[in-house]
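Chemist: What follows is each chain in one-letter form.
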Amino acid sequence: MSDRSSPLHQLHVDAGASFTDFAGWQMPVRYSSDLAEHHAVRTAAGIFDISHMAEIEVTGTESGAFLDYALAGRLSAIALGQAKYSLLLAETGGIIDDLVVYRRADDAFLVVANAGNRAPVVDALTQRAAAFDVTVKDRSDDISLIAVQGPHSRGILEATPGLAGFATPLDELKYYWSTDAMFGDVPLIVGRTGYTGEDGFELYISAEAAASLWTALVDAGAPFGLVPAGLASRDTLRLEAGMPLYGHELNLDTLPVQAGLGRVVALTKEGDFVGRAAIEAGPPTDARVLVGLRGEGKRAGRADYLVYDGDEAVGVITSGALSPTLGYPIAMAYVDAASSAAGTTLEIDVRGSRVAASVVPLPFYKKEDNHG
Amino acid sequence: MAEPQKLQYTAEHEWVLVDGPVATVGITAYAAEKLGDIVFVDLPKVGSTVAEGKVVGEIESTKSVGELFAPVNGTVVEANDAVVASPELVNSDPFGAGWLIKVEYAALPELLSFDEYSKLTGE
Numbered sequence: 001m002s003d004r005s006s007p008l009h010q011l012h013v014d015a016g017a018s019f020t021d022f023a024g025w026q027m028p029v030r031y032s033s034d035l036a037e038h039h040a041v042r043t044a045a046g047i048f049d050i051s052h053m054a055e056i057e058v059t060g061t062e063s064g065a066f067l068d069y070a071l072a073g074r075l076s077a078i079a080l081g082q083a084k085y086s087l088l089l090a091e092t093g094g095i096i097d098d099l100v101v102y103r104r105a106d107d108a109f110l111v112v113a114n115a116g117n118r119a120p121v122v123d124a125l126t127q128r129a130a131a132f133d134v135t136v137k138d139r140s141d142d143i144s145l146i147a148v149q150g151p152h153s154r155g156i157l158e159a160t161p162g163l164a165g166f167a168t169p170l171d172e173l174k175y176y177w178s179t180d181a182m183f184g185d186v187p188l189i190v191g192r193t194g195y196t197g198e199d200g201f202e203l204y205i206s207a208e209a210a211a212s213l214w215t216a217l218v219d220a221g222a223p224f225g226l227v228p229a230g231l232a233s234r235d236t237l238r239l240e241a242g243m244p245l246y247g248h249e250l251n252l253d254t255l256p257v258q259a260g261l262g263r264v265v266a267l268t269k270e271g272d273f274v275g276r277a278a279i280e281a282g283p284p285t286d287a288r289v290l291v292g293l294r295g296e297g298k299r300a301g302r303a304d305y306l307v308y309d310g311d312e313a314v315g316v317i318t319s320g321a322l323s324p325t326l327g328y329p330i331a332m333a334y335v336d337a338a339s340s341a342a343g344t345t346l347e348i349d350v351r352g353s354r355v356a357a358s359v360v361p362l363p364f365y366k367k368e369d370n371h372g
Numbered sequence: 001m002a003e004p005q006k007l008q009y010t011a012e013h014e015w016v017l018v019d020g021p022v023a024t025v026g027i028t029a030y031a032a033e034k035l036g037d038i039v040f041v042d043l044p045k046v047g048s049t050v051a052e053g054k055v056v057g058e059i060e061s062t063k064s065v066g067e068l069f070a071p072v073n074g075t076v077v078e079a080n081d082a083v084v085a086s087p088e089l090v091n092s093d094p095f096g097a098g099w100l101i102k103v104e105y106a107a108l109p110e111l112l113s114f115d116e117y118s119k120l121t122g123e
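In the order they appear, the protein sequences are chains B and X. Counting from 1, one number per residue, gives the positions in the first sequence under the numbering used here. Counting from 1, one number per residue, gives the positions in the second sequence under the numbering used here.
These are computed hints drawn from the structure, not numbers from a lab. Everything numeric in this text was worked out from a predicted model, so none of it was measured. One or more hints might be untrue.
[To be verified] Facing chain X, according to a computed beta carbon distance under 8 angstroms, are these residues of chain B, among others:
{"no.": "1", "residue": "Ser33"}
{"no.": "2", "residue": "Asp34"}
{"no.": "3", "residue": "Arg74"}
{"no.": "4", "residue": "Ala232"}
{"no.": "5", "residue": "Thr236"}
{"no.": "6", "residue": "Ala321"}
{"no.": "7", "residue": "Leu326"}
[What the hints assert, rightly or not] The following label-pair restraints were derived from C-beta to C-beta distances:
{"no.": "8", "chain 1": "B", "residue 1": "Asp349", "chain 2": "X", "residue 2": "Lys6", "range": "38 to 46 angstroms"}
{"no.": "9", "chain 1": "X", "residue 1": "Gly96", "chain 2": "B", "residue 2": "Ala222", "range": "38 to 46 angstroms"}
{"no.": "10", "chain 1": "B", "residue 1": "Glu296", "chain 2": "X", "residue 2": "Glu33", "range": "25 to 33 angstroms"}
{"no.": "11", "chain 1": "B", "residue 1": "Ala281", "chain 2": "X", "residue 2": "Ala51", "range": "51 to 59 angstroms"}
{"no.": "12", "chain 1": "X", "residue 1": "Lys45", "chain 2": "B", "residue 2": "Ser18", "range": "27 to 35 angstroms"}
{"no.": "13", "chain 1": "X", "residue 1": "Gly96", "chain 2": "B", "residue 2": "Thr43", "range": "49 to 57 angstroms"}
{"no.": "14", "chain 1": "B", "residue 1": "Val360", "chain 2": "X", "residue 2": "Glu58", "range": "20 to 28 angstroms"}
{"no.": "15", "chain 1": "X", "residue 1": "Leu108", "chain 2": "B", "residue 2": "Ala90", "range": "53 to 61 angstroms"}
Cβ coordinates follow ideal geometry from the N, Cα and C atoms, glycine included.
Using the sequences plus the hints, can you model the full thing?
Modeler: Structure, rendered in structure tokens:
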């Protein structure tokens, strides 16, 4: 593993962060308390450095057609400024990565991939681009990504000195849309996107300008209750929101429909796309499906713990924690279809003892819908 | 709060305060910090027999699970119910209100001094 660090690393050190290795990057896992950081995002706001994520530019006259072929969704259909969650599939229909794609121009898109999948995503896109008039460029080293998440996020961005020139005012920017803006004389992209289940924004800016933007946001956000938040809280937030994490809920052996992501695959789009034949054939009839589990008591099932229906092992947990917001244990698990109906009572083997858990719909947590 | 310099330690990041026939056991600030916010503590019952080096409880944070090892052979004479009710005490006061169990011990094994433990953690 390499030992890369973010352009914001020294700021995190100065703020007293603890670090963890994530996909070869030294990233903040928490600054003081991951529970406090979690609650701040639910009730006020948190700021995350996610500069480890990969940004790949796709440009050229056939960019839309290329992405329709290379990815699972119909990216040619999204409007300028719009963002879309998508999947990069293998020929087998398995998932190489989950992505967010922003349309930057008629002939330009920005593809955002997980840090751990940077190389496979760049390789797959580059190979698939051969027959198209497009250029695929890995911009990950040039671009930093800062997420401001939580109900006070918009007020914080609007109060940040130097952050201005929003092509679309933030109060008009809808969920999963983006706008160009300026920080001083540095251009940036502001997407109303995130990975916490809360209102919030993701800011893409040049690595050189990232530290001063971070500092400006932190200073402007303090009166709003903004705190720096690490990957530990990011994980419990996304779990409560029922959002999959690559390597846990998603992998090369899982078809989108098993992960509850069938809607992400645009089977009605014209032409072929990588993985289409396998997706149309569907998973084996005995394939497991992703469910939410609500456990009793306080002991959480965690990744790789087995799930039982009576004496029979019917599944395995992919992510789990004691939910900070809800106060009870939650988990995502792949279980046999016969045991997957909401309301089914199952048991989790928590280090040798059985804990009752019931199948519940995802997400576990949904914010009050009080913005545009 | 006990003074860390006056406690003894194990390589499993536990501290031991010996007072007559009873050893009070907790986890160190270093261990609590590494675990993150502690959300669940499972302790052995009063009266149960514990054996040195054996797992007798669990300390769970949002992100991970730590095991509580008995540092001595003996009998549990008290378990800290306050910590079971409020696991965050282990983070906020690991050497004080966040103590875990008291064990009436048969014999004391060799434990680490503060200096030896500090070397172990590099702090």
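Chemist: A separate judgement is required for each hint: does it hold in the structure or not?
Modeler: Hint check:
1. Of the supplied interface hints, the one on Ser33(B) holds, with its beta-carbon coming within about 5 angstroms of a beta-carbon of chain X, less than 8 angstroms.
2. Evaluation of the Asp34(B) hint against chain X yields a held restraint, the C-beta minimum of about 5 angstroms falling below 8 angstroms.
3. For Arg74(B), the interface hint is violated, since its Cβ never comes within 8 angstroms of a Cβ in chain X; the closest pair sits about 38 angstroms apart.
4. Checking Ala232(B) against chain X: minimum C-beta separation of about 5 angstroms stays under 8 angstroms; hint holds.
5. About 5 angstroms separates the beta-carbon of Thr236(B) from the nearest beta-carbon of chain X, less than 8 angstroms, and the hint is met.
6. Using the Cβ-Cβ criterion of 8 angstroms, the hint placing Ala321(B) at the interface with chain X is satisfied: the shortest such distance is roughly 5 angstroms.
7. Taking 8 angstroms as the C-beta cut-off, the interface hint given for Leu326(B) is violated, the closest approach to chain X being about 12 angstroms.
8. The hinted range of 38 to 46 angstroms is satisfied by Asp349(B) and Lys6(X), whose Cβ atoms lie roughly 42 angstroms apart.
9. Our hint of 38 to 46 angstroms for Gly96(X) and Ala222(B) is violated, since their Cβ atoms are close to 31 angstroms apart.
10. A hinted range of 25 to 33 angstroms holds for the C-beta pair Glu296(B) and Glu33(X), which are about 30 angstroms apart.
11. Separated by about 56 angstroms at the C-beta atoms, Ala281(B) and Ala51(X) satisfy the suggested range of 51 to 59 angstroms.
12. At roughly 34 angstroms, the beta-carbon separation of Lys45(X) and Ser18(B) lies within the given 27 to 35 angstroms, and the hint holds.
13. Range check, Gly96(X) to Thr43(B): about 29 angstroms between beta-carbon atoms, so the 49 to 57 angstroms window is missed.
14. In this structure the hint that Val360(B) and Glu58(X) lie 20 to 28 angstroms apart at CB holds, the actual value being about 25 angstroms.
15. Between Leu108(X) and Ala90(B) the C-beta distance comes to about 59 angstroms, which sits within the given range of 53 to 61 angstroms.
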